[in-house]
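Chains as they are written, first to last, in the working numbering: chain C, 1 to 282; chain P, 283 to 914.
Hints in this document: simulated from the structure, not taken from any laboratory. Among the hints, erroneous ones may be present.
[As the list claims (entries may be wrong)] With a straight-line cut-off of 20 Å between C-alpha atoms, the simulated EDC-like cross-links for lysine to aspartate or glutamate are:
| # | chain 1 | residue 1 | chain 2 | residue 2 |
| --- | --- | --- | --- | --- |
| 1 | P | K787 | P | D817 |
| 2 | P | K787 | P | D751 |
| 3 | P | K860 | P | E892 |
| 4 | P | K657 | P | E757 |
| 5 | P | K486 | C | E190 |
| 6 | P | K486 | P | E579 |
| 7 | C | K202 | P | D518 |
| 8 | P | K609 | P | E641 |
| 9 | C | K244 | P | E547 |
| 10 | C | K240 | P | E616 |
| 11 | P | K853 | P | E892 |
| 12 | C | K202 | P | D563 |
| 13 | C | K202 | P | D488 |
| 14 | P | K860 | C | E190 |
| 15 | P | K689 | P | E757 |
| 16 | P | K500 | P | E547 |
| 17 | C | K202 | P | E616 |
| 18 | P | K853 | P | E757 |
| 19 | P | K500 | P | D488 |
| 20 | P | K454 | P | D563 |
| 21 | C | K202 | P | E757 |
| 22 | C | K202 | P | E735 |
| 23 | P | K609 | P | E584 |
| 24 | P | K891 | P | D876 |
| 25 | C | K202 | C | D249 |
| 26 | C | K244 | P | D687 |
| 27 | P | K519 | P | E579 |
| 28 | C | K240 | P | E757 |
| 29 | P | K602 | P | D687 |
| 30 | P | K853 | P | D817 |
[Claimed, not checked] Have a look at the derived ranges for each label pair, beta carbon to beta carbon:
| # | chain 1 | residue 1 | chain 2 | residue 2 | range |
| --- | --- | --- | --- | --- | --- |
| 31 | P | C764 | C | L280 | 16 to 22 Å |
| 32 | C | G246 | P | N676 | 41 to 47 Å |
| 33 | P | A871 | C | G246 | 30 to 36 Å |
| 34 | C | K219 | P | G448 | 39 to 45 Å |
| 35 | P | A522 | C | S17 | 53 to 59 Å |
| 36 | C | S17 | P | L889 | 47 to 53 Å |
Glycine residues also receive a C-beta, built at the ideal position from the N, C-alpha and C atoms.
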Amino acid sequence: MISRANKRILALLGFSSVVHAGVLLAYGYLYPQEPPAVMAAPTLQLQLQPALSQQAAAEVSEPQALVTPVRVLVTQSQQAVFRVQPQRVVADLVVPSPPRAAKTRATVSAVDPAVDSTPVVSTPVASAPVSLEPALAKAAIVTMVNEAVTEVTSVTANAGASLSEVAGADAQDSALISSQLGEQLLLALESYFNYPLKARRKGWQGEVRLSVAIGRHGKVTAVRLVSSSGYAVLDQAAIKSMSKVGEIDLARLQRRSSDQLLHQTLPQPLQVEIPIAYRLVN
Amino acid sequence: MLYFKRLPTVASALLPLAVTSAIASVITTPAFAETGQLVVTATRMAQTIDQSLVPVSVLTREDIDRSPATSLPELLSQLPGVDFSVSGGQGKDSSLYLRGTNSSHTLVLIDGVRVGSVTLGSTPFQDISLTQIERIEVVRGPRSSLYGSEAIGGVIQIFTKKAQQGVTGSAKVSVGNHNTQALSASVGMGSELGGLALSLSRLKTDGINSQSGYDSDKDGYENSSASINLNLNISDKTQAKITALHTDANNQFDRSPAPFNDYAENMQQTLGVRVSSELSDSWSLSGGVSQHRDESETHFLEFDLGTFTYIPAQSQINTKRYGVDLKTDHYLSENQTLTLGIDYQKDQISSSQAYLGDERDNTAVFAQWQMEYGKLGVLTGLRHDDNEHFGSKNTGNINLGYQLDHKRRVLASYGTAFKAPTFNDLYWPADPYGAGNPSLIPETSESVELGYEVNNGSVDYAARLFMTDIDNLIEWACTADCDADYLALPYPFWQPSNVSRARIKGLELESSVEIEQWRGRATLSFLDPRNRDSDNYLAKRARRTLQLDLTRSFNAMSLSASLLAQGERFKDAANTAKLPGYAVVNLKAQYDLDKSWTVEAKVNNLLDKEYSTNSDYNSLDRTYLLSLAYNH
């Protein structure tokens, strides 16, 4: 016999299931294959900053911003996260990850001119006039930010422009490559990294900075400790995990970007700096 | 909250929906997108056992402050696997059936000290004031291989409030219906040298009539508690900790004919001293001594056979548990630890009743090894207990975890556990009604569990399937003169024996969310707790439980709601009578007047549901509690 309260629980569960099913079906109908645009369409911003050391830096992630209208922002930032060493590289892309991979090539090319437009953007906020000479101790960072971030200057991208027509294309190539490399790296690394048992047990947390050398074929050729977390166990774990990565799949990278940019090899070896934060949560 | 009031069903049905819709946004924003770094996160290791391989629910002080719960049983009732059977409102006897096991099958530790009554085998959760608590860890599944007796259904560890850095102070005054008044205050001082925290609390309520069919007066409850927590950093490698918790409760209940008011004065006191030292980078040592006292004085009317009248009587039972332990942790490598330990326990009783035995000791050695190798995690433990009364007992466990990817994990475990017979079972003095049985052996259990966990950062899911077999369950039954009645001697004579077997199967589905200002948790549990001989359901366990919690924080305000819905349960072992299912909604609103002053309001049992989780006992109707708090 089903009691009143049982009926209530069953009704509750049933109702919940129906609501869920309904919502999920409607959802699947409205957004076939693609997860919903839960976040507001993000804006791509290009930030200029005095380099913290001698090099440029940028945050890294996946290229969702590639599909959105691009705005370019020139400002000062103390955030130096992703450092690109080849002297010619001046900009790195930082974009948050898309729901699932990939937009089309067309969308990628929509970004390039925007990135490219950086040099002509005036810099009302930057403390010093900036020119994008490769060897300059100033650097450009492309950071993905939400609409909420205050914009200083914005330029709408010229989606039709082709890469080759744009001045400074070399630099932009490298920028895009390194940003995508960074993204690839982070994706690849996620599964390699784990929290050492000893550190977890002792409650150790901290940030390890590694400098990683990547060969033209995507091979991780050297891993160097830039700054310690304060705990040898975490530093060693980070180096060990990074060394295990081996090779970055350039073919995969190519699929995600323009063929014009990559032909299975990088224009030159890269040196990137990656901060790895070890954090314990409750 | 009005929403809830009008449409409880709709609102609660939509809670999991909030969970679902939130996932999408989480998947699109991996940890590094916001911070530009690779974030390697792991769960902070619980102090009781590592929750990466074992299901552990952790409640922090913030969780306790957020919850609408006003008592420990109410707070714990929102956690997976927890099912309480309460005998009549606040402060009344509360039996915990963790994952369907007996109320004596959960080991309870306060600041690492083993607590509970050695005569009843259970812990009076209702007497532990929430105001004294800093943190609670609830471990599900057997853990005898680490802690010995009682850890069949799981382990609950309670930590008292400890000092923060600097000087802190807080006070809170509350009033509510049923003439409820509560007052609490705590002060703390902390520096690099250590810290001292002191907490005091007092609660008084008229309560409700706890049991129908008896004296119809209200059965009140009073509780006074104090705790001291002292930390000393002797050197940067060595730390000493002294903890004390004292609770005095006065509890009225119904047993004797009206107008007599039965009442019990219960005292619990836990003292612990522990010194821990990091001898080297890979070797640490910790040792402690502890004492727990559980004293009760019960006043009631006794039927006198000589005069055939009721005369006032009282019974006094004082139990003590002493403990000494020494434990070392060895870090064999960065991903491998070995824990070795010995512990000695002594249980004592002094009573107005002449128990057949008054003390018992137990010495144990244990080892625990944990390793992580790539995606595989292993935790295994062995323990040997040598008990003065029943001899030796070996227990073990193995927990395995495999990381499918950085978000998903599968878990499997096997463990054995035991529970020593209580002093009542062994040594109850022979009277016309019955006697203890000194030849009893421990109740033993075997458990297996499979789990699947998804951890998306701010949204977590878990599904766990488990089965526990318990053998040699102790049951009291009539052994002589069973056809006699109670009109003349001899009466039917009862004695306990190891006769019964149980099999408990269960499924737990959990989900928790933490997105911006929202925090939510949902658990759905199915339980099949059966006596293996009769195939009857075990008495007083709900077979279905739904627990929902939701909190929304605003700038200076936070709103919380919780729902506990449980299916029917049987009143008795013979499965002849049922207690119907019920649902209870609790609400809490909190508003910060300024940096120091806060007002909060709680409404418990919002729908004023009449229900019972134990025989003819009543549960609290709609209750209100208004509080003003000061924090410095």
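* Note whether the CB distance of C/G246 and P/N676 lies within 41 to 47 Å or breaks it. => For C/G246 and P/N676 the Cβ distance comes to about 46 Å; the hint holds.
* Per the hint of 30 to 36 Å, is the separation of the Cβ atoms of P/A871 and C/G246 within bounds? -> violated (55 Å)
* Asked: Is P/K853 within 20 Å of P/D817, Cα to Cα?
  -> holds (16 Å)
* To do: Starting from P/K853, check that the Cα of P/E892 is at most 20 Å away, please.
  => Holds. P/K853 to P/E892 sits at ~16 Å (cutoff 20 Å).
* Just tell me: holds or violated, for the beta carbon distance of C/K219 and P/G448 against 39 to 45 Å? => With Cβ atoms ~52 Å apart, the hint is violated.
* Given the hint that P/K486 pairs with C/E190, test it: the Cα-Cα distance must not exceed 20 Å. => Roughly 54 Å between the alpha carbons, so the hint for P/K486 and C/E190 is violated.
* To do: Using the Cβ atoms, figure out if C/S17 sits within 47 to 53 Å of P/L889.
  => violated (23 Å)
* Please work out if C/K202 and P/D488 have their alpha carbons no farther apart than 20 Å. => violated (47 Å)
* Asked: Between C/K202 and P/D563, does the CA-CA distance stay at or below 20 Å?
  -> Holds: C/K202 and P/D563 sit about 10 Å apart, inside 20 Å.
* Does the structure keep P/K519 and P/E579 at a Cα separation of 20 Å or less? -> Between P/K519 and P/E579 the Cα gap is close to 45 Å, so the pair fails against 20 Å, i.e. violated.
* Hinted pair P/K602 and P/D687, Cα distance within 20 Å -> The given pair, whose Cα atoms are some 49 Å apart, is violated under the 20 Å limit.
* Could you check the hint for me, namely that P/C764 and C/L280 are 16 to 22 Å apart, CB to CB? => violated (60 Å)
The structure fails hints 4, 5, 8, 9, 13, 14, 15, 20, 21, 22, 23, 24, 25, 27, 28, 29, 31, 33, 34 and 36 (numbered hints given earlier, in ascending order).
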